[in-house]
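Undergrad: Given chain A's structure and the hints, the job is docking chain B onto it.
Number of protein chains: 2
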Amino acid sequence: MQLKTNNAMLLDKIDKPTLLLDKNKCLTNIRSMVQRAASAGVHLRPHFKTHQSKEIGRWFRGFGVDRIAVSSLRMAAYFASDQWTDITVAVPVNLREIGLIRELAGKIRLQLTAESLASLQFLEKNLNEPVEIMIEIDPGYHRTGLESHQTDTLDAMIGFMETSSFLRFKGLLSHAGHSYHANSPAAIMDIHHQSTDLFQQLVDRYQHRFPDMTASLGDTPTCSTAHHFPGATEIRPGNFVFYDLTQHHIGSCSKSQIAVAMACPVIASYSSRNQIVVYGGGVHFSKDRYTLPDGKTSFGEMVFLQADGTWQLPDTPIQVVSLSQEHGVIQADAQLLQQLQVGDLVGILPIHSCMTADCMKGYLGLDGQPIEMCKIYEW
Amino acid sequence: MQLKTNNAMLLDKIDKPTLLLDKNKCLTNIRSMVQRAASAGVHLRPHFKTHQSKEIGRWFRGFGVDRIAVSSLRMAAYFASDQWTDITVAVPVNLREIGLIRELAGKIRLQLTAESLASLQFLEKNLNEPVEIMIEIDPGYHRTGLESHQTDTLDAMIGFMETSSFLRFKGLLSHAGHSYHANSPAAIMDIHHQSTDLFQQLVDRYQHRFPDMTASLGDTPTCSTAHHFPGATEIRPGNFVFYDLTQHHIGSCSKSQIAVAMACPVIASYSSRNQIVVYGGGVHFSKDRYTLPDGKTSFGEMVFLQADGTWQLPDTPIQVVSLSQEHGVIQADAQLLQQLQVGDLVGILPIHSCMTADCMKGYLGLDGQPIEMCKIYEW
Numbered sequence: 001m002q003l004k005t006n007n008a009m010l011l012d013k014i015d016k017p018t019l020l021l022d023k024n025k026c027l028t029n030i031r032s033m034v035q036r037a038a039s040a041g042v043h044l045r046p047h048f049k050t051h052q053s054k055e056i057g058r059w060f061r062g063f064g065v066d067r068i069a070v071s072s073l074r075m076a077a078y079f080a081s082d083q084w085t086d087i088t089v090a091v092p093v094n095l096r097e098i099g100l101i102r103e104l105a106g107k108i109r110l111q112l113t114a115e116s117l118a119s120l121q122f123l124e125k126n127l128n129e130p131v132e133i134m135i136e137i138d139p140g141y142h143r144t145g146l147e148s149h150q151t152d153t154l155d156a157m158i159g160f161m162e163t164s165s166f167l168r169f170k171g172l173l174s175h176a177g178h179s180y181h182a183n184s185p186a187a188i189m190d191i192h193h194q195s196t197d198l199f200q201q202l203v204d205r206y207q208h209r210f211p212d213m214t215a216s217l218g219d220t221p222t223c224s225t226a227h228h229f230p231g232a233t234e235i236r237p238g239n240f241v242f243y244d245l246t247q248h249h250i251g252s253c254s255k256s257q258i259a260v261a262m263a264c265p266v267i268a269s270y271s272s273r274n275q276i277v278v279y280g281g282g283v284h285f286s287k288d289r290y291t292l293p294d295g296k297t298s299f300g301e302m303v304f305l306q307a308d309g310t311w312q313l314p315d316t317p318i319q320v321v322s323l324s325q326e327h328g329v330i331q332a333d334a335q336l337l338q339q340l341q342v343g344d345l346v347g348i349l350p351i352h353s354c355m356t357a358d359c360m361k362g363y364l365g366l367d368g369q370p371i372e373m374c375k376i377y378e379w
Numbered sequence: 380m381q382l383k384t385n386n387a388m389l390l391d392k393i394d395k396p397t398l399l400l401d402k403n404k405c406l407t408n409i410r411s412m413v414q415r416a417a418s419a420g421v422h423l424r425p426h427f428k429t430h431q432s433k434e435i436g437r438w439f440r441g442f443g444v445d446r447i448a449v450s451s452l453r454m455a456a457y458f459a460s461d462q463w464t465d466i467t468v469a470v471p472v473n474l475r476e477i478g479l480i481r482e483l484a485g486k487i488r489l490q491l492t493a494e495s496l497a498s499l500q501f502l503e504k505n506l507n508e509p510v511e512i513m514i515e516i517d518p519g520y521h522r523t524g525l526e527s528h529q530t531d532t533l534d535a536m537i538g539f540m541e542t543s544s545f546l547r548f549k550g551l552l553s554h555a556g557h558s559y560h561a562n563s564p565a566a567i568m569d570i571h572h573q574s575t576d577l578f579q580q581l582v583d584r585y586q587h588r589f590p591d592m593t594a595s596l597g598d599t600p601t602c603s604t605a606h607h608f609p610g611a612t613e614i615r616p617g618n619f620v621f622y623d624l625t626q627h628h629i630g631s632c633s634k635s636q637i638a639v640a641m642a643c644p645v646i647a648s649y650s651s652r653n654q655i656v657v658y659g660g661g662v663h664f665s666k667d668r669y670t671l672p673d674g675k676t677s678f679g680e681m682v683f684l685q686a687d688g689t690w691q692l693p694d695t696p697i698q699v700v701s702l703s704q705e706h707g708v709i710q711a712d713a714q715l716l717q718q719l720q721v722g723d724l725v726g727i728l729p730i731h732s733c734m735t736a737d738c739m740k741g742y743l744g745l746d747g748q749p750i751e752m753c754k755i756y757e758w
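Same order as they appear, the protein sequences are chains A and B. Start counting the first sequence at 1; every next residue gets the next number (my numbering). Start counting the second sequence at 380; every next residue gets the next number (my numbering).
Isolated chain A (complex conformation) (with noise of 0.2 Å):
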């Protein structure tokens, strides 16, 4: 056992997995996008879904991040409660939560997505305070947005906000979460000139009405590769903030660039089949996954943690082969197995930045100081 429980190293009092963040890289990770949208001559609105935390956003701020967007109403309440005044819920509004969106609507600039006429009349019919409506345009990802050849209902929502009291309409919004499923950086220029050219056709029929409409796209794959957003005010990207192993397999990331490691005790160890297993679970990692080029699936990569919490690549990856709720092994090598007792610490990269955040309800600083995040489904 090699365990220093008297020793005040920021290592030592790491006793449980312990998401660490190395505040370093995330603001290296946060200037270099928000100088590639100043380049693009777009404005950078980041999505606050990775790292869901008012400390993190105040780094933002320090870079003159003045607009955010958000996953839910609840965490655009959060971040109100931080000064944060002009948020964007990023996703079809949740009619139910109308009582929520009638606070929000009187304290801060809110807008809202919206895909359908019969959810503008909803909030018309509902509403006392203005807000500001984004419609949200499939760009081919298929998830939510109207498809690009629905003009129609696009000028039925466009001309019910033109006559309503509440309603103001403030522009296109579109996520070409596909990108995610690219696997070089080619693949994903390639989903970003189909997406944008789609976008840009929408954006010219409604410019010369609106000019001041805003058009907001943009995913971390595209908003990392890409030096140009036609037709684009703005950029919404979130991951980029900590990065994760499934920006570097699709090619929008090095692998030193992420943010974030999982600090894990070791609990077993096995020579007869060269595994580790840590504390570190389902629980703390979320279950997201790939697949290698072997044909095995990843949940993660185990770099080595160093006295000062930062940490070091392998040589050669060394992967994490499953997840239970707790636990999580690791396939070593005969080296690593005599290197690593029962007791010690290894750092494991995330596969999935955002899932793994969301578990874990908040960081550590390399300080060794808390990092606080929001947490929406307290009862």
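FYI, nobody ran anything at the bench for these hints, they're computed from the structure. Hints are supplied without guarantee of correctness; some may be wrong.
What the hints assert, rightly or not - Derived list of chain B stretches under chain A, where covered just means 3 residues or more per stretch with a C-beta under 8 Å from a C-beta of chain A:
no.	stretch
1	447–454
2	675–683
3	701–711
Said to hold, decoys possible - Quick list of simulated restraints, FRET-style, between CB atoms:
no.	chain 1	residue 1	chain 2	residue 2	range
4	B	Ser544	A	Pro317	53 to 59 Å
5	A	Asp66	B	Leu496	56 to 62 Å
6	B	His560	A	His193	58 to 64 Å
7	B	Pro672	A	Ala156	39 to 45 Å
Glycine included, each C-beta is placed from N, C-alpha and C at the ideal position.
TA: Frame of chain A, contents of chain B only:
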């Protein structure tokens, strides 16, 4: 829009993804497992990692259950604070939590799981109150535990405890988690027989020296299927309290036994591809899934919610075909699309109720009362 926001019925109060818990189904599941254990002549030590709730724990106590298993030391502390005094932490002990182990050892009858002499030596050196030790045996699942041929290690561990001041050999523990790879009751029984045979041999080896030793096994698939547990003195299933679609898929329950369903607001519907999108995604369900006979992936199945919060199964399964962070996509048909409108609520049965409960951090009873749950990752 069919929203009845002024109606006081249960469903009308639900505005976001909410995990409904049907207490009657849950009590039936508990009663049935209590009876099965009694008939088999073994103690029931239910695994509370699934529900993680003091209130649900009290329902078990109402059936005379007086001992439990948990999957982390913090979960043990949570239940110890609600008068549970005999708790097995059924995961190889995390030595970094020695502080919490010391605290719990002074309060309750605590069983730790170990599988190496080094862990025992560390504990002996760092404890000042006695704890009981369960030695984990790998029944062929190959996640954790000593292999059955490692009797030298077993002997050495037991020998060490016989002369130690704070460690008491309590018994053997195994978890046949590979029963989750079964797809029929017959396949479950094959795994059950193989793993109990191995276990029985080891129990036979030690029982003459330790006639009161505990022999603990049993996962939900085998405990829902088998009626005899050769060699065992206690069974330790957990998931059965709620069951889920995975258990149905394996063959350990019917869909009507599943005691939890997520109420999700409909936020969009697409007649062009017969899909409904709900507010309810990976942050609510986790990302567990399984492959359907037709090769497609399921992330859940839709059910029809009744006004009293109970749910009805459709005639033909209606699959959740994808989950992103907050969105769930349901593959419907034209009739269902007609029937459901944006703003309505649907129910979704989870693929894996342990993970879903952990994501949600709480339940809503059908009487409208929230049911509290352990929140381990609070900062």
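Undergrad: Hint by hint, note whether the structure agrees.
TA: Evaluation of the provided hints:
Counting residues of the stretch 447–454 of chain B whose CB falls under 8 Å from any CB of chain A gives 3; the rule of at least 3 is met. Proximity of the stretch 675–683 of chain B to chain A, defined as three or more residues with a beta carbon under 8 Å from a beta carbon of that chain, is not established by the 0 residues found. With a threshold of 8 Å between beta carbons, the proposed coverage of the stretch 701–711 of chain B by chain A holds, since 6 of its residues qualify and at least three are required. Checked against the hint of 53 to 59 Å, the C-beta distance between Ser544/B and Pro317/A comes to roughly 44 Å, which is inconsistent with it.
Between Asp66/A and Leu496/B the beta carbons are some 60 Å apart, a value that agrees with the proposed interval 56 to 62 Å. The hinted range of 58 to 64 Å is not satisfied by His560/B and His193/A, whose Cβ atoms lie roughly 43 Å apart. Look at Pro672/B against Ala156/A: about 42 Å separates their beta carbons, and that is inside 39 to 45 Å.
Checked against the numbered hints above, the structure breaks hints 2, 4 and 6 and satisfies the rest.
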